[in-house]
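Peer 1: The lines below spell out each chain.
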Amino acid sequence: MAELNTNKTARQYTVRYRGRCSQLGIYLGKLLRMFVYQNDWKVIPMSALIAGLVGMVTRIECFLNMEGTLFGSFAMTCVCIWNGCFNSIQVICRERDVIKREHRSGMHISTYVFSHMLYQALLCLAQTAVTLYVTEWVGVPYPKEGLITPYFMVDFGISMFLITYASDMLSLWVSALAHNTTTAMTIMPFVLIFQLVFSGGMLPLPEWTEPLTHFTISNPGLKVLAAQSDTNSRPYATIANMISKMRDNEIGGTVTVGQVLDLLQDKDNSAIQELRAKEIGKVFSLGELKEMLDQSVTFEAFQKEQILGDMTVQDVLRFVMESEQFQKERTTALPGSNVTLGDVLQSVMDSEDLQPVTSFQLTHLTTVGDVLNAIDAKGLLEKYKDVNVGGTFTVGEAVDMLAGNGDVQARRDTEITVKTSLGKAIDIIGEEKVKSFLEEKAAAASYNPNFEYTEENVIGYWLHLTMFVFAFAFLATITLEFIDKDRR
Amino acid sequence: MDKVIQILCLILFDGTSALAIISKGLLIIGIWRLLQKSGLKGWWALIPGAREYQLSRCAGREPEGRVLSVITIAMLLISIVAEFIIPIRIDNMSEEAAIEAALTRLMILSIITIPLIFTHFIYNIRVWSGLINVYGLPKKWLWLCLIDYTRIIPALLWGFSKKYQPEWQVEDIKAEMERLATSGSAAVMDDGLTVNLEERTATEFFHKKTLLRDIHMAIPQGHMVLLLGGSGAGKTTYLNAINGYEKAKAEVMLNGNNMYTQYKKMQHEVGFVPQSEMMRGKDTVINTLLDAAKLRLPKDVSGKQRRERVDEVMDIFGLKPVKNNLVEKLSGGQKKRLSISIEFISNPSLFILDEPDSGLDGVMARELFVQLRKIADTGKIIIVITHTPDRVIDLFDDVIVLAKDSARTGRLAYYGSIQDARTFFQRDTMEQIVKSVNRKEEGGDGMADDYVLKYAEVQHG
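As you go down the protein sequences, you meet chains A and B in turn. The letter at position 162 of the first sequence is residue 162 when you use the numbering used here, and the numbering goes up by one with no holes. The letter at position 44 of the second sequence is residue 532 when you use the numbering used here, and the numbering goes up by one with no holes.
Derived from the structure by calculation, the hints contain no laboratory data. Treat the hints with caution; some may be incorrect.
Claimed, not checked - Simulated crosslink set (DSS-like; lysine-lysine; CA at most 25 Å straight-line):
#1 B/K770 <-> A/K42
#2 B/K782 <-> A/K100
#3 A/K42 <-> B/K817
#4 B/K752 <-> A/K485
#5 B/K868 <-> B/K782
#6 A/K100 <-> B/K651
#7 A/K485 <-> B/K697
#8 B/K862 <-> B/K823
#9 A/K485 <-> B/K696
#10 B/K735 <-> B/K868
#11 A/K100 <-> B/K823
#12 B/K735 <-> A/K100
#13 A/K100 <-> B/K862
#14 B/K628 <-> B/K651
#15 A/K485 <-> B/K735
#16 B/K512 <-> B/K735
#17 B/K811 <-> B/K862
#18 B/K628 <-> A/K100
#19 A/K485 <-> B/K491
#20 B/K737 <-> A/K485
#21 B/K753 <-> A/K100
#22 B/K512 <-> A/K100
#23 A/K100 <-> B/K787
#24 B/K770 <-> B/K735
#25 B/K651 <-> B/K529
Claimed, not checked - Going by beta-carbon spacing under 7 Å, a handful of chain B positions derived as facing chain A:
#26 T592
#27 Y733
#28 Q755
#29 M766
#30 R768
#31 K770
#32 D779
#33 K782
#34 L783
#35 R784
#36 P786
#37 K787
Model, not experiment: these values are computed from the prediction. All residues carry an ideal CB built from backbone N, CA and C; glycine is no exception.
Put together the whole structure using the sequences plus the hints.
Peer 2: Structure representation (structure tokens):
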């Protein structure tokens with residue numbers, strides 16, 4: 001038997017065995033061998049496969065709009081948590097008996113856990129790199145510029161690594177708690193469900209569950225990825241997309257004149273402002289107006305509307321002429337001519353030719369058509385067919401004119417029933433404008449301060465995740481220190 | 489004051505309603521009597537948690553009783569907490585908001601309580617099913633034992649009727665321990681192992697268990713010792729106490745050095761080979777041994793010396809031909825030899841093997857023991873547990889016989905040479921010796937107490 005320099009004396013032992021640091025090499029070497037022999041290497045291609053599948057789903061809208069980016073961040077968080085958890089869930093419990101034996105032979109638990117920390121860090125780093133590469137390869141449109149470093153991929157990679165690593169350490173702790181692989185794999189789904197449900201980003205949670213989100217890796221994980229992706233400044237596309245799909249849906253309802261006027265005068269609304277600037281109207285003759293009315297089906301139907309009268313036409317005209325509201329309009333010239341409204345009415349009232357008409361008794365039910373026939377509206381239009389009226393003006397001017405009109409203002413509460421399709425309503429303003437307006441407004445409403453694109457935010461989440469790494473590693477060490485208490 | 493009474497009612501009767509108090513009160517009376525019938529103090533029935541545990545002892549379902557006890561206490565705490573926190577109302581809170589808040593708190597507590605209630609139900613069935621066995625009753629009684637309200641009937645009936653008697657009682661350990669008390673000590677040897685173990689105890693819930701007691705012996709260097717004993721006699725506990733891994737109230741001296749006070753420095757003086765292999769199957773033989781050498785050999789041993797030592801150990805145990813094989817690919821015998829080699833790397837003075845021949849055929853087992861004999865002849869002490877001792881008994885010098893006495897404590901029934909053991913027990917084979925000290929319900933002769941007292945008498949007069 002070879003002579004060993006154990007330096008033992010009968011009464012006093014001065015032998016020194018390997019301490020924590022020098023034992024580290026033994027376990028690191030062992031773990032690296034396990035990577036090859038125990039098939040631990042399989043987690044790397046597995047992460048590539050998961051990344052490929054998730055990347056194919058998220059690439060369409062990730063980094064393009066708010067929802068896509070948020071969903072992409074959540075999916076990436078899930079990928080990282082999944083990778084991390086399955087890296088280490090069995091590593092301790094599968095060799096619990098061996099650990100117990102080696103602990104008995106002088107192995108330091110802290111060294112053992114630390115060797116796992118180093119080994120798992122390498123594994124997580126490799127998985128992060130593979131995940132980033134594969135997702136970019138399948139077409140996830142990663143931005144180029146980073147917030148902390150010059151490269152987005154590096155920033156994003158650090159976050160993904162920390163999420164994976166923190167989950168890995170959580171799993172390591174579960175593995176230290178469980179006495180066998182069956183128990184560990186039974187606990188694992190609960191851990192994953194807890195992480196996903198209480199991530200606090202995707203699923204609406206009751207208020208009382210809010211504190212629970214502080215104990216999940218998914219919460220800072222999702223926040224850091226969403227913040228780095230600048231989620232807040234991405235457009236919110238869902239509402240606009242939904243509206244586009246609903247173009248044929250009929251819409252309708254009752255609005256007041258006042259609501260319509262207020263909407264059309266909204267100075268903060270860019271879409272309305274553009275509408276107001278739109279030029280409408282043209283110079284046309286009364287002959288053209290007559291022709292248009294003759295061809296109008298609506299006007300024809302309007303003529304059949306019944307109205308009730310109990311005075312002469314002359315009385316009606318006088319009443320109008322003397323009304324307070326009309327005084328303001330009396331001298332207003334008709335657009336494009338020198339003829340005033342007052343002049344027109346006065347000439348009608350004074351006209352002897354029209355005497356039979358103005359003396360017409362409106363004491364019974366009649367139709368609009370009858371009234372128009374009575375005043376020989378068509379004849380009048382024919383007579384003045386060469387008089388040009390109208391002119392170019394903007395929608396804004398028309399609206400302002402109406403808003404300035406006392407009669408219109410007095411009818412602010414008058415209800416108007418509107419019935420049209422959503423598409424037609426949108427087309428009035430322009431679909432693209434409605435879409436960008438809705439995206440802008442919805443994004444502003446969905447603004448989340450947790451996703452703010454700032455360095456402080458990102459570094460804060462990194463520290464949070466790092467804290468999880470050390471906390472779970474510490475818990476794993478403490479738990480394993482009690483391995484001697486296992487029941488035989 | 490009302491609150492205090494409420495809480496007391498909750499603790500004692502699990503509720504504050506008249507129905508809860510009456511039903512739980514009747515159940516407690518019944519359990520009081522059941523505990524008394526099994527030889528335990530009846531007043532344990534008044535203490536929630538302890539009540540369930542003591543009842544489980546009567547039922548012979550102690551592990552279930554421990555779980556049941558913890559769950560009972562947890563549920564009790566939750567109900568007390570609920571009593572306080574559910575009605576909390578913050579100032580200026582509207583009626584609706586207060587109800588909403590109370591419901592939320594109730595929901596949180598329910599989420600925690602529902603799994604506990606289910607577990608409580610299952611473990612209660614296990615314990616009461618044990619009681620049905622102890623009272624020798626048909627299984628249909630279990631229908632009455634499902635919930636507290638119906639349990640009142642069996643509890644009162646079995647407790648008060650003379651017709652129902654338990655088949656066995658929870659022993660009066662204290663009296664038995666006094667009856668079987670022995671004393672003595674072994675003189676410390678400069679070259680060898682001296683064990684003076686007064687007791688090794690473990691506290692479990694509401695009582696202290698003595699696992700081992702009064703074991704004194706001195707084993708000289710170069711002896712190969714057989715450790716015999718029935719299951720539960722404390723063989724592994726004794727070995728763990730010897731090497732200092734699980735400390736007992738004892739003095740263990742190896743070659744004049746105290747194993748307990750110098751445990752860290754001396755831990756590689758003892759090689760403990762566990763019953764199962766406990767090695768990484770996916771590692772190679774050579775790497776397993778090299779790592780073992782790094783861990784077990786002193787820091788100043790050079791790499792060259794380490795490799796030489798590994799080579800030497802592989803030679804001794806015939807592992808060289810398979811040195812590059814994965815551990816999982818080795819045969820049963822090779823795995824055993826590798827497991828022994830791992831401990832032998834540090835060249836320990838005391839070598840303990842827990843059933844090294846399990847899973848080996850007679851020829852391979854004999855080869856292994858011959859190997860161990862050779863090691864012992866180099867001046868090592870070897871202690872071996874085996875369940876098939878007679879095929880290799882000629883290789884041993886001494887035998888230790890541990891037995892579980894009537895207080896269920898591991899005791900030393902004999903330590904000495906093989907030949908003297910045959911005379912002491914008046915048995916020809918080691919298997920017959922084990923049978924003589926095993927309890928009757930385990931198929932033995934139930935003579936453990938007699939041999940424990942006889943051996944103490946022989947040793948110390």
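Peer 1: Are the hints correct? Go through all of them and say.
Peer 2: These are the hints, each one checked on the structure:
| no. | hint | verdict |
| --- | --- | --- |
| 1 | B/K770 <-> A/K42 | holds, 15 Å |
| 2 | B/K782 <-> A/K100 | holds, 17 Å |
| 3 | A/K42 <-> B/K817 | holds, 21 Å |
| 4 | B/K752 <-> A/K485 | holds, 18 Å |
| 5 | B/K868 <-> B/K782 | holds, 22 Å |
| 6 | A/K100 <-> B/K651 | violated, 51 Å |
| 7 | A/K485 <-> B/K697 | holds, 16 Å |
| 8 | B/K862 <-> B/K823 | holds, 19 Å |
| 9 | A/K485 <-> B/K696 | holds, 16 Å |
| 10 | B/K735 <-> B/K868 | holds, 23 Å |
| 11 | A/K100 <-> B/K823 | holds, 18 Å |
| 12 | B/K735 <-> A/K100 | holds, 16 Å |
| 13 | A/K100 <-> B/K862 | violated, 29 Å |
| 14 | B/K628 <-> B/K651 | holds, 18 Å |
| 15 | A/K485 <-> B/K735 | holds, 12 Å |
| 16 | B/K512 <-> B/K735 | violated, 43 Å |
| 17 | B/K811 <-> B/K862 | holds, 22 Å |
| 18 | B/K628 <-> A/K100 | violated, 45 Å |
| 19 | A/K485 <-> B/K491 | violated, 41 Å |
| 20 | B/K737 <-> A/K485 | holds, 18 Å |
| 21 | B/K753 <-> A/K100 | holds, 18 Å |
| 22 | B/K512 <-> A/K100 | violated, 46 Å |
| 23 | A/K100 <-> B/K787 | holds, 22 Å |
| 24 | B/K770 <-> B/K735 | violated, 33 Å |
| 25 | B/K651 <-> B/K529 | holds, 21 Å |
| 26 | T592 | holds, 5 Å |
| 27 | Y733 | holds, 6 Å |
| 28 | Q755 | holds, 6 Å |
| 29 | M766 | holds, 4 Å |
| 30 | R768 | holds, 6 Å |
| 31 | K770 | holds, 4 Å |
| 32 | D779 | holds, 5 Å |
| 33 | K782 | holds, 5 Å |
| 34 | L783 | holds, 6 Å |
| 35 | R784 | holds, 6 Å |
| 36 | P786 | holds, 5 Å |
| 37 | K787 | holds, 5 Å |
Hint violations for this structure: numbers 6, 13, 16, 18, 19, 22, 24, all remaining hints satisfied.
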